[in-house]
Amino acid sequence: MTTQFKTTLLTRSFDAPRELVFECWLKAEHLVHWHSAGDGWTTPYAESDGRTGGRFKIGYASPDGKMSFDFTGTYTEVTPYSRIAFQIDDGRPCALDFSTEGGQTKVTLTLSLETTHSEEQQRHGWGEIIKSLGRYLEGMHK
Amino acid sequence: MDRLSETFQALADPTRRAILARLTLGEVSVNELAEPFEMSLPAVSKHLKVLERAGLISRSRDAQYRPCKLEAQNLKSVDAWLDEYRRFWELRFDRLDAYLQKIQRKPPARKTKGK
Chain A
237 MTTQFKTTLL
247 TRSFDAPREL
257 VFECWLKAEH
267 LVHWHSAGDG
277 WTTPYAESDG
287 RTGGRFKIGY
297 ASPDGKMSFD
307 FTGTYTEVTP
317 YSRIAFQIDD
327 GRPCALDFST
337 EGGQTKVTLT
347 LSLETTHSEE
357 QQRHGWGEII
367 KSLGRYLEGM
377 HK
Chain B
81 MDRLSETFQA
91 LADPTRRAIL
101 ARLTLGEVSV
111 NELAEPFEMS
121 LPAVSKHLKV
131 LERAGLISRS
141 RDAQYRPCKL
151 EAQNLKSVDA
161 WLDEYRRFWE
171 LRFDRLDAYL
181 QKIQRKPPAR
191 KTKGK
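Note that the protein sequences, when read in sequence, are chains A and B.
The numbers in the working numbering rise by one with no breaks, and the one at position 63 of the first sequence is 299.
The numbers in the working numbering rise by one with no breaks, and the one at position 51 of the second sequence is 131.
Just chain B, with the same shape it has in the complex:
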């Protein structure tokens, strides 16, 4: 699996997104992270491993207290990727619109942009 797919898999879980949201407030320990989720430490650790593998967080190597830190750069690349992908399809939607008008021999249609 490439990095981006790994990132999306990591983001496709609400608990993991909640963990990321919590980390936007600053570094925290695994214990602190586990608290609001009513989850066991091993369960939280499992989620952290997925996030770490996807490069979305990093963990200090200190054995006693391993604070988790958000790696914003990779999450930013997801956002940039979504944007690029949207542009890719927008162009094709434009061309399809023009093509449909041509084959139906109709005056230009009013474009309705979505959200």
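The shape of chain A in the complex, shown without the other chains:
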């Protein structure tokens, strides 16, 4: 059985309709306005083929314009208004899940990897190993 290994990195609720939030993540005309490296960095351009298997390329330019790079990847799953999964070209996998809660749109960002065990097992196991590692490191410092 192949399922996904997931660990939730972030959850945020946005005061906007789910359709709009979803499109902000997928459409170049939206991405160019917010998807940036922050601190004065700009996004000179964004390209996005918002389909499963489609590519995205988001340009990042430094405040002084001297440095720039592209943030690129492939959409591995696009399910309208509920899920966008993608793999950044450096190998990092990501999934965004969209849901409506109390009139807001909740977006959950998970790191997901293919694996052969159940998600519940994985999530539990991940937490455990990080905890036991923490205990181990504490012990080392004594």
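If you're looking for bench data, these hints aren't it; they were derived computationally from the structure.
Watch out, some of these pointers could steer you wrong.
[Unchecked claim] One-sided excerpt, in silico: chain A residues whose CB lies under 8 Å from chain B:
#, residue
1, Leu245
2, Leu246
3, Phe250
4, Cys260
5, Lys263
6, Ala264
7, His269
8, Trp270
9, Gly274
10, Thr278
11, Leu345
For glycine and all other residues, C-beta sits at the position ideal for the given N, C-alpha and C.
Using the hints, position chain B against chain A.
Just chain B now, with coordinates in the frame of chain A:
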């Protein structure tokens, strides 16, 4: 595959994580490791090879008794990487929030932080 991907692949298996958890208690032999898992020695050895390749454990070269040892540094780098990755996206979530408010011309929304 880069080191980090290899590390994640290694961690994506509950048996291997259980092995790591056991190793946080101290060095053990392969025989001792195999015991609680009801697995054959070759099966355990296979898992150990994956962990070793990912740099999560090391094994002494003593042929008779090859104790396995946790290499905490690499696991720590996973944790640091997750943190860095979270910050990377947190910033974008902030900017998306601001952008959504702007295009909808609404007063600032209440932020709801997740777990």
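Taking the hints in turn, this is what the structure says about them:
Using the Cβ-Cβ criterion of 8 Å, the hint placing Leu245/A at the interface with chain B is satisfied: the shortest such distance is roughly 5 Å. Given the 8 Å rule on beta carbons, the hint for Leu246/A holds: about 5 Å separates it from the nearest Cβ of chain B. Of the supplied interface hints, the one on Phe250/A holds, with its beta-carbon coming within about 5 Å of a beta-carbon of chain B, less than 8 Å. Because the beta carbon of Cys260/A sits about 6 Å from the nearest beta carbon in chain B, less than 8 Å, this interface hint is met.
Hint status for Lys263/A: violated, given a least beta-carbon distance of 12 Å to chain B, over 8 Å. Using the Cβ-Cβ criterion of 8 Å, the hint placing Ala264/A at the interface with chain B is not satisfied: the shortest such distance is roughly 14 Å. Satisfaction of the interface hint for His269/A is found here, the shortest Cβ-Cβ separation to chain B being roughly 5 Å, below the 8 Å cut-off. Interface hint status for Trp270/A: upheld, as the beta-carbon distance to the closest one in chain B is roughly 4 Å, under 8 Å.
A cut of 8 Å between beta carbons decides the hint on Gly274/A: the least distance to chain B is about 5 Å, and the hint holds. Below 8 Å, beta-carbon pairs count as interface contacts, and Thr278/A has none with chain B, the closest being about 12 Å; its hint is therefore violated. Satisfaction of the interface hint for Leu345/A is found here, the shortest Cβ-Cβ separation to chain B being roughly 6 Å, below the 8 Å cut-off.
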